[in-house]
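**Student:** So you can see what is in the structure, the chains are spelled out below.
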Amino acid sequence: MLTTALNNPSRYIDKSKKVISKHYDTIDFKMNEINFNEIDLNISLNENNFFKITFPDSKKPSYLYLGNAPSKTETFDYMIILDHNLSIEKIKILAYRESWGGEISSNRWLKQFNGAQGGKKYIYRENISAISGATISVKSMTRSINYFLSDLDKLNSINFFN
Amino acid sequence: MRKAFILLIFFGKFVFSQNSSETQLSNLSSIDSGLTIGGYGEITYNDPSDDVSEIDIQRLVLLLAYKFDDRVSFVTEIEFEHVKEVYVEQAFLNYALNENLNLRGGLMLIPMGIVNEYHEPTTFNGVERPSIDGKIIPSTWREIGLGLYGKSNALSLRYQAYIVNGPISYNNGHKLRGSDFLRKGRQKGAKSVGSNGNFTAKIDYYGLPGLKLGLGYYSGKTQTTDKNIDGSQVGLSMVAFDARYVKNRFSARAQLVSASLSDTGKYNLFSGKDLGSKASGYYVEGAFNLLPLENTQKLDLFLRHEDYNTHAETASIPVNGSFHRKETTFGFSYHLANGAVFKMDYQSKGTVVDDNKGQFNMGLGVFF
Chain A
1 MLTTALNNPS
11 RYIDKSKKVI
21 SKHYDTIDFK
31 MNEINFNEID
41 LNISLNENNF
51 FKITFPDSKK
61 PSYLYLGNAP
71 SKTETFDYMI
81 ILDHNLSIEK
91 IKILAYRESW
101 GGEISSNRWL
111 KQFNGAQGGK
121 KYIYRENISA
131 ISGATISVKS
141 MTRSINYFLS
151 DLDKLNSINF
161 FN
Chain B
1001 MRKAFILLIF
1011 FGKFVFSQNS
1021 SETQLSNLSS
1031 IDSGLTIGGY
1041 GEITYNDPSD
1051 DVSEIDIQRL
1061 VLLLAYKFDD
1071 RVSFVTEIEF
1081 EHVKEVYVEQ
1091 AFLNYALNEN
1101 LNLRGGLMLI
1111 PMGIVNEYHE
1121 PTTFNGVERP
1131 SIDGKIIPST
1141 WREIGLGLYG
1151 KSNALSLRYQ
1161 AYIVNGPISY
1171 NNGHKLRGSD
1181 FLRKGRQKGA
1191 KSVGSNGNFT
1201 AKIDYYGLPG
1211 LKLGLGYYSG
1221 KTQTTDKNID
1231 GSQVGLSMVA
1241 FDARYVKNRF
1251 SARAQLVSAS
1261 LSDTGKYNLF
1271 SGKDLGSKAS
1281 GYYVEGAFNL
1291 LPLENTQKLD
1301 LFLRHEDYNT
1311 HAETASIPVN
1321 GSFHRKETTF
1331 GFSYHLANGA
1341 VFKMDYQSKG
1351 TVVDDNKGQF
1361 NMGLGVFF
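Note that the protein sequences, when read in sequence, are chains A and B. For the first sequence, the numbering used here gives the first residue as 1, with consecutive numbering after it. For the second sequence, the numbering used here gives the first residue as 1001, with consecutive numbering after it.
No lab work stands behind these hints, which were simulated from the structure alone.
Calculated from the model, a selection of chain B residues having no Cβ within reach of chain A, i.e. all distances over 10 Å:
| hint | residue |
| --- | --- |
| 1 | TYR1045 |
| 2 | LYS1084 |
| 3 | VAL1086 |
| 4 | LEU1103 |
| 5 | GLY1106 |
| 6 | GLU1128 |
| 7 | ARG1129 |
| 8 | ILE1144 |
| 9 | LEU1146 |
| 10 | ILE1163 |
| 11 | SER1179 |
| 12 | LYS1191 |
| 13 | ILE1203 |
| 14 | VAL1284 |
| 15 | GLU1313 |
| 16 | SER1316 |
In silico lysine-lysine, DSSO-like type, Cα no more than 27 Å apart, as pairs:
| hint | chain 1 | residue 1 | chain 2 | residue 2 |
| --- | --- | --- | --- | --- |
| 17 | B | LYS1188 | B | LYS1278 |
| 18 | B | LYS1247 | A | LYS111 |
| 19 | B | LYS1247 | A | LYS90 |
| 20 | A | LYS154 | A | LYS120 |
| 21 | A | LYS121 | B | LYS1247 |
| 22 | A | LYS15 | A | LYS111 |
| 23 | B | LYS1247 | A | LYS139 |
| 24 | A | LYS17 | A | LYS52 |
| 25 | B | LYS1247 | A | LYS120 |
| 26 | A | LYS18 | A | LYS90 |
| 27 | A | LYS92 | B | LYS1247 |
| 28 | A | LYS15 | A | LYS59 |
Quick caveat, the model's predicted, so the values are computed rather than measured. Ideal Cβ placement from N, Cα and C applies to all residues, glycine included.
Generate coordinates for the entire structure from the input sequences, incorporating the hints supplied.
**Tutor:** In structure tokens:
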């Protein structure tokens, strides 16, 4: 099974906190572990790569996912911020290692995934635009997001987030 | 039995690197350093209407990349052309300063036009590369130099800028000529003469969905083994604009190149050659995939028209009309799998003074 989870997500916690604080324009939030112990699904989400972000007062929580996907000869690491409905709010590439294909880090290109919820499937060239010269990383990211959304869908089907 | 076992290991290794995108890389992320091997190859058949046909293993290329650590890697492309000639197309050290900026040094591809940078056979239509990317941009154009390579996520921009060695115009004889402009001046990184630094840069913009725009620039004096010889050098300045568009089953490309050479009057006077002072041209191409998008295979039907002139302008020599060429290519690229393509096309090649000649081409290409 192709895993899209990071091998060593802990080093990205600080970096993602910076992105989250910039995105919500506040430093007043907490990153909480989610307990996956009681579920028995074949998914790549776990307490090391999927977190709940809680805010003070009555502001609704958000979620953070740390993912990883292959480019031609390397892998790249990314993060997803999801809103309280578990819709994708923002994706950011945290580390792109390969010499080619780095265009997928473009904010404009990544915006295409915003609003997606569990179960949505993206099709390269149909609802995800191609980037000439970066076909492998574009397809890889599309596939990785599809796997993630499919995992979310599995969790939703057992009412995990309620 | 032992032979079969060895053969199995050999094929096993190839399957391993062919699936590198899927399986190997999940493992590679846990490796801190290492070697990756890839390659590409082209076997071609050309049948011109007025000449003997040729079947050729046009090129077989080994791509090696070695990762020393997270920041430093070495990339090289070693090519076997027509089975017997060996060339190095790339050999550079890449030092990642940060996420968005790299320093590079070594033998690198000059960022002019689409095909000079992206020349693997599965990435362009037509058995042969566009003629402009041969006769005006002397593909595969590579030089030894140093520079930067980076991107901006906020601006959806990729940029490159290098100081490089350049094409040679004089090496105990004048090299450049009218029909193919700079092509005979390619030094290919082999004991290159470096008399003058040249500068090249490119910006690629990918902020609009499906569209990639590029603008490349090159300038400098050609190299010479003896600056005291009259007319041994010319000044070169080239601009190349390119666009690529992909949406659903449709894709298109366009490229526009314009190059000027200074002092060609003097060059031609002392060499007796017919080098033009300006070369320019363009091509436009459209393609449509006949197979559904969900299919892993693709069958791109394409049409390309090229119009280029290596004697767009001349200084004190007559313009040779047969250097103004117009070529139309029609055919298909059948991608059997991601990285394996079967191509077939028919070309009608003419000039403003000569009649059109036809050429039929077939080829196989792989990239892994």
